[in-house]
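Heads up: the protein sequence lines correspond to chains U and F, in order. Counting from 1, position 179 in the first sequence corresponds to residue 179 in our numbering; the numbering is continuous, with no gaps. Counting from 1, position 73 in the second sequence corresponds to residue 364 in our numbering; the numbering is continuous, with no gaps.
These are computed hints drawn from the structure, not numbers from a lab. Mixed in with the good hints there might be a few duds.
As the list claims (entries may be wrong) - Calculated from the model, a selection of chain F residues having no Cβ within reach of chain U, i.e. all distances over 12 Å: (1) MET292; (2) GLY319; (3) ARG349; (4) GLN352; (5) SER391; (6) GLN398; (7) ASN406; (8) ARG514; (9) GLN559.
As the list claims (entries may be wrong) - Using C-beta positions, here's what the derived DEER-type ranges look like: (10) ASP54(U) <-> ASN432(F): 44 to 54 Å; (11) ASP562(F) <-> ARG244(U): 12 to 22 Å; (12) THR549(F) <-> ASP54(U): 20 to 30 Å; (13) ALA87(U) <-> THR558(F): 37 to 47 Å; (14) ASP497(F) <-> GLY111(U): 14 to 24 Å; (15) GLN496(F) <-> SER137(U): 29 to 39 Å.
What the hints assert, rightly or not - Heads up, incomplete: computed chain U residues facing chain F, CB under 10 Å, no partners named: (16) LYS23; (17) VAL24; (18) VAL171; (19) MET192; (20) ILE272.
No residue lacks a Cβ here, since even glycine has one placed at the ideal position from N, Cα and C.
2 protein chains.
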Amino acid sequence: MIERLTIIGVGLIGGSLARALRKVGAVGEIIGCGRGWPNLERALALGVIDHATDDPVRAVQGADLVFLAVPLGAMANIFNSIKHALAEHTIITDGGSVKSSVIEDAQRSFGFVPNNMVPGHPVAGTEHSGVEASFASLYQNSRVILTPLANTNPQATNLVERMWRACGANVIYMSAAHHDGILAATSHLPHMLAFGLVDLLANMQDNNEIFRYAAGGFRDFSRIASSNPLMWRDICLANNDALRVTLQKFIEELHNLTDALGDPSGTQLLDIFTRAKTARDHYLEQLSDEP
Amino acid sequence: MIERLTIIGVGLIGGSLARALRKVGAVGEIIGCGRGWPNLERALALGVIDHATDDPVRAVQGADLVFLAVPLGAMANIFNSIKHALAEHTIITDGGSVKSSVIEDAQRSFGFVPNNMVPGHPVAGTEHSGVEASFASLYQNSRVILTPLANTNPQATNLVERMWRACGANVIYMSAAHHDGILAATSHLPHMLAFGLVDLLANMQDNNEIFRYAAGGFRDFSRIASSNPLMWRDICLANNDALRVTLQKFIEELHNLTDALGDPSGTQLLDIFTRAKTARDHYLEQLSDEP
Numbered sequence: 001m002i003e004r005l006t007i008i009g010v011g012l013i014g015g016s017l018a019r020a021l022r023k024v025g026a027v028g029e030i031i032g033c034g035r036g037w038p039n040l041e042r043a044l045a046l047g048v049i050d051h052a053t054d055d056p057v058r059a060v061q062g063a064d065l066v067f068l069a070v071p072l073g074a075m076a077n078i079f080n081s082i083k084h085a086l087a088e089h090t091i092i093t094d095g096g097s098v099k100s101s102v103i104e105d106a107q108r109s110f111g112f113v114p115n116n117m118v119p120g121h122p123v124a125g126t127e128h129s130g131v132e133a134s135f136a137s138l139y140q141n142s143r144v145i146l147t148p149l150a151n152t153n154p155q156a157t158n159l160v161e162r163m164w165r166a167c168g169a170n171v172i173y174m175s176a177a178h179h180d181g182i183l184a185a186t187s188h189l190p191h192m193l194a195f196g197l198v199d200l201l202a203n204m205q206d207n208n209e210i211f212r213y214a215a216g217g218f219r220d221f222s223r224i225a226s227s228n229p230l231m232w233r234d235i236c237l238a239n240n241d242a243l244r245v246t247l248q249k250f251i252e253e254l255h256n257l258t259d260a261l262g263d264p265s266g267t268q269l270l271d272i273f274t275r276a277k278t279a280r281d282h283y284l285e286q287l288s289d290e291p
Numbered sequence: 292m293i294e295r296l297t298i299i300g301v302g303l304i305g306g307s308l309a310r311a312l313r314k315v316g317a318v319g320e321i322i323g324c325g326r327g328w329p330n331l332e333r334a335l336a337l338g339v340i341d342h343a344t345d346d347p348v349r350a351v352q353g354a355d356l357v358f359l360a361v362p363l364g365a366m367a368n369i370f371n372s373i374k375h376a377l378a379e380h381t382i383i384t385d386g387g388s389v390k391s392s393v394i395e396d397a398q399r400s401f402g403f404v405p406n407n408m409v410p411g412h413p414v415a416g417t418e419h420s421g422v423e424a425s426f427a428s429l430y431q432n433s434r435v436i437l438t439p440l441a442n443t444n445p446q447a448t449n450l451v452e453r454m455w456r457a458c459g460a461n462v463i464y465m466s467a468a469h470h471d472g473i474l475a476a477t478s479h480l481p482h483m484l485a486f487g488l489v490d491l492l493a494n495m496q497d498n499n500e501i502f503r504y505a506a507g508g509f510r511d512f513s514r515i516a517s518s519n520p521l522m523w524r525d526i527c528l529a530n531n532d533a534l535r536v537t538l539q540k541f542i543e544e545l546h547n548l549t550d551a552l553g554d555p556s557g558t559q560l561l562d563i564f565t566r567a568k569t570a571r572d573h574y575l576e577q578l579s580d581e582p
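The shape of chain U in the complex, shown without the other chains (with noise of 0.2 Å):
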């Protein structure tokens, strides 16, 4: 499907993708590229990739499909540096997960959003990262998230569309904007709120007693809480817009939360956790549903 495939950013998300298409035969040679040789060669002793360099330029040239999985932080930069070295045929796409920043990124660097650029998310991860933490079966059941633009070339979408099913993704289209406002607030938003805890927490006086007796609620409700600083960093910057909207929405939450402690007979406390329980369950039922 993929002649020759170049994977800028070789962590857990670009790692993934190669080792996925690997298993089911749809790419020739892949091409990885990263700032770090240790991550480097241990991708390639792990058979991830191919090749190496840590020079967008020389690895862009001659591929069919480049695939961006840098922080979102590191995007203008690669545009900049492999702007010249894209050969017309090439298609870019990106596992960015933010949209709009992607885009504007790209629009800064070449002046214009090639057509042959598809910007996508696959809505899949753990909380590590590194190319050691990569395996073929991530991106299986998962969403990828497409959002081309009026200019997208169609055969560009099509083969974008076909990689991820190929590594076993269900593949949906939408607008930039619309996809950053639903990731603000299932997962740019959890990811502050745990992080946020997390810290309180460190910061109390009894800090170290704190989490001893913590249960496995605590556990799990701060999992992504072990996420890359660096890269939520940069997502939380560029999606800083629908961010803010959904945070200040939560705080008004808290709020509320807040007034229904101070109500003795706990009628709002009820209905608040009724709902939040019912809207969970609804959903899980939705998630095992699907195949």
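Given chain U, work out where chain F should sit, using these hints.
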């Protein structure tokens, strides 16, 4: 170890204690007491209890140990029902997630806190409830916090400690107030945040889509929002004072995060996220160090 054990409230917590003690042969007969006959009948059918009654007075007669595993809002009623039916040698303990409120309820019902009452809290659970959700290994390697008072009979405390150890738990002692402060931070606040977040998302315009595109991180983060709303209403009301303080601190943390989002350099965000990741990774290490 315990000839005749009475469990009032045969759900996840009470049922798991029964199963665990039975498994290691640390209990003679088990009397289950509850208000819902269908649940009691399932408990009988599953062999979790030997006898069932919906009358607390009959349930505690001749008991060596009475374990109260009812929602916090029901504790006062139970104390009022059983106060004249308890034999002198009967030891009482409980599984309530807030300790000051249980102690106050006992004080109000008995006019004093009985010498044979050992307030306790097994820090364990899942988001499921009812006797069918109970299992013998729930307390294995978990922590049980006991908060005896100055007048508590040391022999009573000793038996309760041995009972929990027999279930595989580690027993820890602290004051009721200290317990309530710590649990507000590590358990009650996270539950409020999870309930609040799911409620917020459920009330958003695109709620169906929002839940559909939620990734694994959200699933874990929100797991505790599938907990029993009635039980959690009681916990939050019972630990109202400590919880309001913690909630207020968390709202301040969210204001800090909002400010941090306004700094395009991302320095503050990176600081907060890095501190949180370091604390959580350290906390996980602590957990895995333990037997």
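Right, here's what the structure says about each hint:
For MET292(F), the condition that its CB be more than 12 Å from all CB atoms of chain U holds, with the nearest at approximately 26 Å. Annotated as non-interface, GLY319(F) keeps its C-beta farther than 12 Å from every C-beta of chain U; the closest such distance is 30 Å. Under the 12 Å C-beta cut-off, the non-interface status given to ARG349(F) relative to chain U holds; the minimum distance is some 30 Å. Every CB of chain U is more than 12 Å from the CB of GLN352(F) (nearest about 33 Å), matching its label as outside the interface.
Annotated as non-interface, SER391(F) keeps its C-beta farther than 12 Å from every C-beta of chain U; the closest such distance is 15 Å. Against chain U, the non-interface label of GLN398(F) holds: every CB pair exceeds 12 Å, the least being about 18 Å. Against chain U, the non-interface label of ASN406(F) holds: every CB pair exceeds 12 Å, the least being about 27 Å. Some Cβ of chain U comes within 12 Å of the Cβ of ARG514(F); the nearest lies about 5 Å off, and the non-interface call is violated.
Taking the minimum C-beta to C-beta distance to chain U, about 9 Å, the non-interface status of GLN559(F) is violated against the 12 Å cut. The hint said 44 to 54 Å for the Cβ distance between ASP54(U) and ASN432(F), and at roughly 46 Å that hint holds. A hinted range of 12 to 22 Å for the beta carbons of ASP562(F) and ARG244(U) is consistent with their spacing of about 19 Å. Range check, THR549(F) to ASP54(U): Cβ separation about 37 Å, and the 20 to 30 Å hint is violated.
Between ALA87(U) and THR558(F) the C-beta distance comes to about 39 Å, which sits within the given range of 37 to 47 Å. Evaluation of the 14 to 24 Å hint for ASP497(F) and GLY111(U) yields a failure: the beta carbon distance comes to about 33 Å. The hinted window of 29 to 39 Å between GLN496(F) and SER137(U) holds, with their beta carbons roughly 34 Å apart. A least Cβ separation of about 21 Å between LYS23(U) and chain F goes past the 10 Å threshold, and the interface hint is therefore violated.
With a cut of 10 Å, the hint placing VAL24(U) at the interface with chain F is violated, because the nearest CB-to-CB distance is about 22 Å. A cut of 10 Å between beta carbons decides the hint on VAL171(U): the least distance to chain F is about 12 Å, and the hint is violated. Taking 10 Å as the C-beta contact cut-off toward chain F, the hint placing MET192(U) at the interface holds, the least distance being around 6 Å. With a cut of 10 Å, the hint placing ILE272(U) at the interface with chain F holds, because the nearest CB-to-CB distance is about 5 Å.
Checked against the numbered hints given earlier, the structure breaks hints 8, 9, 12, 14, 16, 17, 18 and satisfies all the rest.
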